[in-house]
Each structure stands twice: as C-alpha cells, then as structure tokens.
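Trainee: Residues per chain are reported as follows:
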Amino acid sequence: MKVYPLSFWWLMEERCGGSFVNVQAILCHPSIFFCRTAFALTKSCAHLNTILRLWLCDLAINCKFILLYFVKFLAKYLGSFMMSGQPHFVFGYAHSICLGGHYHLTNQMQRTLQGLIHSFILHKFLTNTSHPTRILLRRLILFYHMGLIENEIPESGMPYTSIPHRPIGLFLIGITQTLLHLICQVSIVLKV
Amino acid sequence: MDLLSTCVLVILGNVLDFRTYRAPTQEEYAKADKTQQILIDHEINTIPVTERFAICYARGVALHLINWIRCCSVITGPGGDIVADLPSRFFVQVAQTLIKYKEGANASQLDLQANCTLGMLTKQINNVVGVDPHISSLWLERHLLPSDSLALANQGEYSIQWRPDVQRKWSSLPHGGFQFLRTLH
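Protein sequence lines, in the order shown, are assigned to chains A and B.
Residue 1 is where the first sequence starts when you use this note's numbering, and the numbers rise one by one after that.
Residue 1 is where the second sequence starts when you use this note's numbering, and the numbers rise one by one after that.
By construction, these hints were calculated from the structure, which means they are not laboratory data.
All the pointers check out, no bait thrown in.
To give a feel for the contact side, a few chain B residues facing chain A, derived at Cβ under 10 angstroms: (1) Asp-2; (2) Thr-6; (3) Leu-12; (4) Glu-51; (5) Lys-102; (6) Gly-104; (7) Ala-105.
Beyond 12 angstroms from chain B on every Cβ pair, some chain A residues (computed): (8) Pro-154; (9) Ser-156; (10) Gly-157; (11) Met-158; (12) Pro-159; (13) Tyr-160; (14) Thr-161.
Backbone N, C-alpha and C fix where the C-beta goes; we use that ideal spot for every residue, glycine too.
The following block holds chain A by itself, in its conformation from the complex (with noise of 0.2 angstroms):
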C-alpha cells in the first residue's frame, strides 16, 4: 500500500505504457479527478520538444483544454484508463482509497516507447514514481518471438490474438489489431 499526495503536477508513467486507478473507498466525498490534456491527443509525442518547448512553456495556452478534459471518477462505478504517453495529473480534495495499476498495449507500443524516453530525459519534472515494470517489457519481447519465430502459442488460444500480426501480403506498418494487457495492480492512498 503506498501513499501517494494528490497532485496537481503533471504525471506521465516512466516505466509503463499506460496506468489506471480506480477509486475504492472514499474516506470523505468521491471526489477523485483523474485530468489529462488535449495535448498528446493533438500533438505527435514522437518530437522531442513535444514536451520541452511546446508543452511546458505553453502551458497556459493547454490550461484552457484542461477543464475540457476533465474526466470525473464516478466513485466506484467507473475507473479511468491513461494511455501511454498521456500527460495527466491526479486532483481531489478527500483522501480515498483507489485500486491502481499499468499496462501495455501491444498496439501501443511505439507511443511507449516516445513516452518512456520523454520521462527518461525530463524524469522528476514529469514523472512522480518508478514503477518496477521492465520485467514485463522482457516478458514481452520473448513471448513475441515464441508467437512469431517459434510458433509456440496456439492460434486458438487468447494470447495468440496479442501477438503482432504477420499477414501475408502488403499492409501498412503500424496496423497491429490487438491488445495485451500486463496488469500489475496497486493498491494506493490519495491524500490531498
């Protein structure tokens, strides 16, 4: 169990693609925000000044997104998803009790791979924690080589529908159809 303050800093995952929390007790009001900005939605993460120039130095011009953006936590109801590289920050004023964690997608992983090296390089000033998740990273890569060189995972089984496809004939790079979540759950604490 971890304690986390609830932050009005922006957060971007530094060892996952994506993370999500879901609120499971609420000590005061159910009153956990989860934010993020247009920005990764509007903008390639793929520059580096993604972040460097047009983001931090323009963050006046993003607050306005902000409030668009706003995506309420309906208390135990709904939980709310990050995707890779999505800046976002966690707002509340009631400490709760939320059920959190990572994942990777496999048809995410290009937008990873852009997220990773943006905290790498600006870690503390965008990342608040580091999540023991490179194991997950090497599980992948060697369960991508069993689907795809050894032909070890059945075509009829469920992961076999995680793996990157190779069809036969032309399609364009990037189209990988499939999903694989490697979820590892958290149990935290939001003080404000």
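Dock chain B against the given chain A, drawing on the hints supplied.
Mentor: What follows is chain B alone, placed relative to chain A:
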C-alpha cells in the same frame, strides 16, 4: 512499428534505466564520490547481476527478432523505393534523438536531479550500438538520419511485404536453446 519499438525498448533496456548510472553504494540523486565514480566507469552499478543476465538475454531475443524482420520482409518507403534495413535506421534515429534530447534538456537548465549525465548516456549508447554489426555500421553514418524525432517521417506511407518462403526457414530452426535460457529469466 509497435514490434520494432518493443525491440528498441528492450535493446535500450539498461540505457533507459537510472540504476545504470548509479554505483552500488550511491544514494539516488546524490553525486558520486571518487570511489563511486570509478565503480560506475567500470560498469559496476546498482542493477543486480541476475537482472543484468536477464537484460542481456532479452536483448539477444530482441536482436533475433530484428534479424527476422530484416530477412523476412521487404519494406517500401513513402516514395515507393525499397528501404534497406529499416530496423537499424529506426534504432539509430531513436538513439541519436535520445542524445540530442538530453542535450536540449541540459540546455533548458531544468533541475532534473538525475544521476545520468550527457557523457554517461552517450557512453552507454555507444556501448549498445556495438552489439549488432548492422546498427554499428549505420551509427557511423548517423548524420544522414533525422535526430529530432522518435518516429519515422511519413510513417503511414511505409508498407511491408512478408516473404513466406524465408519465414518457413526461420520457423523450422531448432529453438531448444531458448527453452534452456528462459529458465534463467
């Protein structure tokens, strides 16, 4: 590109790990003293030996996958020309963008408080590009590739054609060694 990106992430596994830049006795965010600096210079860091083996093994698997992509596919660029060795080009572009990004972060005078300096990062990247002959030869010509983006230009216009005959040869190779090595992971 998602598969390639996963491979790049795994190959850069210890480069993108802050523990690489810290000596075993060094506190996080503390500056290394003389003894600690000697340890770091000799690659003695806070990553446990067993994990370093796991990183090495996973890096080998990622390079094997990259070789498989090189051999089993024909990739066509936006202009319709065949792109030779796209995986190496992508890796070199990401690696040199990483160095340029670090330079930019240093120049911005943000108080990042990380143990990783530009010199240490460059050293680690120079180490890792040497693990594959295709990548290391392209690294010498890196000035010809973009260094301001973590994605290919006009990425949506690339196309890939798989060569099933070559894929079958790869699939028929024995992989018993992998089963043994996986037990180490």
